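K.L.:
Listed below, chain by chain, are the residues.
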Amino acid sequence: MLVKIKSIGFFGMEVPEVVIEVNISSRGFPGFEIVGLAGRSIKESKERIKAGIVNSGFKFPSDKKIVINLAPADLPKEGSMYDLPITVGILQATGQVNPSPDLLYLGELSLDGSLSYTKGSFLLALHAKKRGYSGVVVPFDDLADACLAEDTEVYGLKNILELRSLRAGSTLLQANRGVGPAVQGNVPTLKESKNQIIGEITFLDILGQEQAKRALQIAAAGGHSVLMVGPPGAGKSLLARSLTSLLPPISREELLEVLKIYSLVDSQISLSSVAQTRPFRSPHHTGTLTEIFGGGAKLLPGEVTLAHRGVLFLDELSEFKENVLTSLLQPMEQGYVDILKNGRSIRYPSRFSLIGAANPCPCGFRYSETTRCKCTEFMIQKYKKRLSGPLLDRIDMFVNILPVGVDNLEQRPQNKLTVNVDKFLQVRNGVTQARIVQESRLSKYSIYCNSEMDSHISKEFCRLDGESRRILNFAMSRFGLSMRSYLKIIKVARTIADIEGSSSIVSSHILEALSFRNSLLMREKS
Amino acid sequence: MLASLYMSEAILLNDPRYPKLLKDVPNPPQELFFKGRFDSSLFENCVGVVGSRRTTSYGKKAAEYFVENLCRYEITIVSGFMYGIDSAAHEACINSRGRTLAILPYGIDYSCPQYQKNLYEQIVDSGGLIISEYAGNSPPAKWTFPKRNRIIAGLCRALVVVEAGKGSGSLITAEFAYKYGRQVFAVPGSVFSENFEGLLGLLESSKARVASVKGLIEFLGINYEHLDGNELPKSLVPSSWMRVLQSLSEQSRSFDEILSSTGLNSRLLSTILMQLEIERRIFSEGGKYHVSKN
Chain A
1 MLVKIKSIGF FGMEVPEVVI EVNISSRGFP GFEIVGLAGR SIKESKERIK AGIVNSGFKF
61 PSDKKIVINL APADLPKEGS MYDLPITVGI LQATGQVNPS PDLLYLGELS LDGSLSYTKG
121 SFLLALHAKK RGYSGVVVPF DDLADACLAE DTEVYGLKNI LELRSLRAGS TLLQANRGVG
181 PAVQGNVPTL KESKNQIIGE ITFLDILGQE QAKRALQIAA AGGHSVLMVG PPGAGKSLLA
241 RSLTSLLPPI SREELLEVLK IYSLVDSQIS LSSVAQTRPF RSPHHTGTLT EIFGGGAKLL
301 PGEVTLAHRG VLFLDELSEF KENVLTSLLQ PMEQGYVDIL KNGRSIRYPS RFSLIGAANP
361 CPCGFRYSET TRCKCTEFMI QKYKKRLSGP LLDRIDMFVN ILPVGVDNLE QRPQNKLTVN
421 VDKFLQVRNG VTQARIVQES RLSKYSIYCN SEMDSHISKE FCRLDGESRR ILNFAMSRFG
481 LSMRSYLKII KVARTIADIE GSSSIVSSHI LEALSFRNSL LMREKS
Chain B
1 MLASLYMSEA ILLNDPRYPK LLKDVPNPPQ ELFFKGRFDS SLFENCVGVV GSRRTTSYGK
61 KAAEYFVENL CRYEITIVSG FMYGIDSAAH EACINSRGRT LAILPYGIDY SCPQYQKNLY
121 EQIVDSGGLI ISEYAGNSPP AKWTFPKRNR IIAGLCRALV VVEAGKGSGS LITAEFAYKY
181 GRQVFAVPGS VFSENFEGLL GLLESSKARV ASVKGLIEFL GINYEHLDGN ELPKSLVPSS
241 WMRVLQSLSE QSRSFDEILS STGLNSRLLS TILMQLEIER RIFSEGGKYH VSKN
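As they're listed, the protein sequences go chains A and B.
The first sequence maps to residues 1 to 526 in the working numbering.
The second sequence maps to residues 1 to 294 in the working numbering.
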């Protein structure tokens, strides 16, 4: 007898449908075979399934020839997720359960017949919704994940005995309607916010550094990239980490992309915690090409993809391997990475805000007033060459960080960007409002923030008035700026205007955008 | 943007916006048409810069020199939008971030030549005006040029003539200026140059005096300062800039330190520092700002 149970497979970001065909026949030698490019973990399923079925009190047809085909047969399959659909197929083919048709299954089986948490339920639920299936069946611990996909019936089973209740017409077990994550445009109220920010590092913890804070606010609002240059101990890493408290709420569409990515990765992070905020990844500079860009045997996404729609923080930028730095160009320019292995190629999205921290010279003390720089001119030139180049060209803003001398800094309230909680919340609201403006402006081009605009789209939305154009043209020749810099500057100016709530870009926006140009690790003359 | 896409407006003689200096001349234009954003401050300190259409490179450079220096004092440069000295003057003004008025010898909506379309746009975009006595599309004719010249002369307190051959139209403008009681300044040229002959006549008949930047500025009653590079005269430097410069002249400071010592708002400070850097008054290195030594 032939039974077909449906599930999903993975191929990069694609989620093709997988059909588990279960054929039980009395002809031929008894046996239990799984075919369809099933990887090792799937071959091992046989033992789990046999034991699980028997220990639950079901009968295992050991006198029959059982052939499981995982179709399509040319898609490599991995993992333990097919335990449940295979089990259902066998039980259904032997008439022991009769579930409603039109359901999708996924789950790992334990030897005692219970089901344990398996990654992938979110994608399963999305697929079900897309193709119009009536629901999905997953392990009980997967419920939270699966419910992140709205409008799908999700059944979370604790063990396979509960399969009996899934028959057509019976009361539904653990039925849940999907619960949506943070919705776009949801600005937290002041009261909520105050409670939320306790525990995170915010600007409130950082003394001074007004220029850096402003650059980070702009970066958070428009998805721009920032390079902070300064000596060791000045606060670069602290500033970067404080960015998480400033990031705008993630929109529904962006969140779907992020959840899809995290559903593929074998990490400890549960999908529900991913759904709270935008990703913040800070890989160590010893990271390999594979760890950072993706690949490996399973062609898994790398850090740049895990940072998609969020922040990729590269501390000690100069210490990263040269091939890593050069490879950053593709994701920064295109917003995706192509990973190739053995003739197969997979495209993963990678639209992130790059936040970098670097020393101005190898020892870090080139501009210090207190410590003498130990670098020779030759070392400095070589150092600049490492960082210089196409990568710097793609970074939108540059800020100098100097250690803050507590004694010579008077605390005058009106200067500080963030002197108390309310001021900080204002800064954050500026970010959120700017995002809302951008989303409504750019949605027709399927992008979410100003940094994603190409030159064509920028032309449409970044018109300058006469004064601004003059200032910018003058500055371009004065500082030897390239056309690429021009594009960066007007996009940053657009974000600055958005934060201010101004629909047009005026000279003060351009001037401020210009103040973040690369004057430290320059390629152009000053 | 096409000339026709800018909307033109009209000002009648009895309109309060009508430039006073022009109103005072005998037989002023009954109606003035203009394109651009009207601002009465444009007419407060006007200096005309006119000259030959067949310029020499010296003439062009001289025109630029005068215009660049005049612009620093917020003087509006007025000229006739013709190729030659007129264009050089308008362009130099735009590049110096000043404002200029172009008086046309044809209708306000008449299409200007292709090679001037850019200049046309830039004049309006930089806060200047395109002005004409003639409405709509009326084409240029022999008599429209002298008529237009009287407007140039009428708007300005001083007129600078850069180069003028014997029959040059700019001499007509000079005559008008003299007649209207405005001061004409003639730019000295080479005694061997044809383009100086016309001016010689003006100087000999004492209808003009020899042009110098200092002389012009002082004639206009403005405090003259010798300025280097891109400096602005002290009277025109905003006080907030002075605060920053003062703070930095005490010692080189970081952004945070300048914030502290001047008490300025941080966004304003960013824009001021940027402008000062553009003007080469200060430079930054490794996060510290320093006053430029010049």
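FYI, nobody ran anything at the bench for these hints, they're computed from the structure.
These numbers were taken from a predicted model, which means no experiment stands behind them.
Certain hints may be false.
[To be verified] Calculated lysine-lysine pairs in the DSBU-like style (CA-CA distance at most 35 angstroms, straight line): (1) A:Lys385 <-> B:Lys147; (2) B:Lys20 <-> A:Lys384; (3) B:Lys288 <-> A:Lys382; (4) B:Lys288 <-> A:Lys384; (5) A:Lys444 <-> A:Lys130; (6) B:Lys61 <-> A:Lys374; (7) A:Lys423 <-> B:Lys142; (8) B:Lys60 <-> B:Lys288; (9) B:Lys60 <-> B:Lys20; (10) B:Lys142 <-> A:Lys382; (11) B:Lys142 <-> B:Lys207.
[To be verified] Part of the chain A face toward chain B, derived, beta carbon under 8 angstroms: (12) Glu210; (13) Asn400; (14) Lys444.
[Stated by the list, open to error] If you want the footprint, here are the derived chain B segments under chain A, 3+ residues with CB under 8 angstroms: (15) 189-198; (16) 258-267.
Virtual Cβ for every residue (Gly too), placed ideally from N, Cα, C.
K.L.:
For each hint, tell me whether it holds in the structure or not.
P.N.:
Results of checking the hints against the structure:
This hinted pair does not check out: Lys385 (chain A) and Lys147 (chain B) have alpha carbons roughly 63 angstroms apart, beyond 35 angstroms. Under the criterion of a C-alpha separation no larger than 35 angstroms, the hint pairing Lys20 (chain B) with Lys384 (chain A) is inconsistent with the structure, at around 60 angstroms. Taking the CA atoms of Lys288 (chain B) and Lys382 (chain A), the gap is about 24 angstroms. The hint holds against a cut of 35 angstroms. Distance check on the hinted pair: Lys288 (chain B) and Lys384 (chain A) sit about 20 angstroms apart at the alpha-carbon level, within 35 angstroms; holds.
Annotation: proposed proximity of Lys444 (chain A) to Lys130 (chain A) holds, straight-line Cα distance about 22 angstroms (limit 35 angstroms). Pair hint Lys61 (chain B) plus Lys374 (chain A) does not hold up; C-alpha atoms about 49 angstroms apart against a cutoff of 35 angstroms. Only pairs whose Cα atoms come within 35 angstroms are accepted, and Lys423 (chain A) paired with Lys142 (chain B) is rejected, the gap being roughly 67 angstroms. Using a Cα cut-off of 35 angstroms, the hinted pair Lys60 (chain B) and Lys288 (chain B) is violated, with the two alpha carbons roughly 40 angstroms apart.
Restraint check for Lys60 (chain B) and Lys20 (chain B): satisfied, since their Cα atoms lie roughly 31 angstroms apart, inside the 35 angstroms limit. Proximity of Lys142 (chain B) to Lys382 (chain A) is assessed by CA-CA distance (about 68 angstroms); at most 35 angstroms being required, the pair is judged violated. At roughly 25 angstroms between alpha-carbon atoms, Lys142 (chain B) and Lys207 (chain B) fall within 35 angstroms of each other, so this suggested pair holds. Restraint check, Glu210 (chain A) versus chain B: the minimum CB separation of about 5 angstroms is within 8 angstroms; hint holds.
Given the 8 angstroms rule on beta carbons, the hint for Asn400 (chain A) holds: about 3 angstroms separates it from the nearest Cβ of chain B. Among the interface hints, the one on Lys444 (chain A) is violated; its C-beta lies about 25 angstroms from the nearest C-beta in chain B, farther than the 8 angstroms criterion. Chain A is given as covering the stretch 189-198 of chain B, and this is violated because 0 residues of the stretch bring a CB closer than 8 angstroms to a CB of that chain, at least three being needed. Coverage of the stretch 258-267 of chain B by chain A holds [criterion: at least 3 residues with CB-CB distance below 8 angstroms; count 7].
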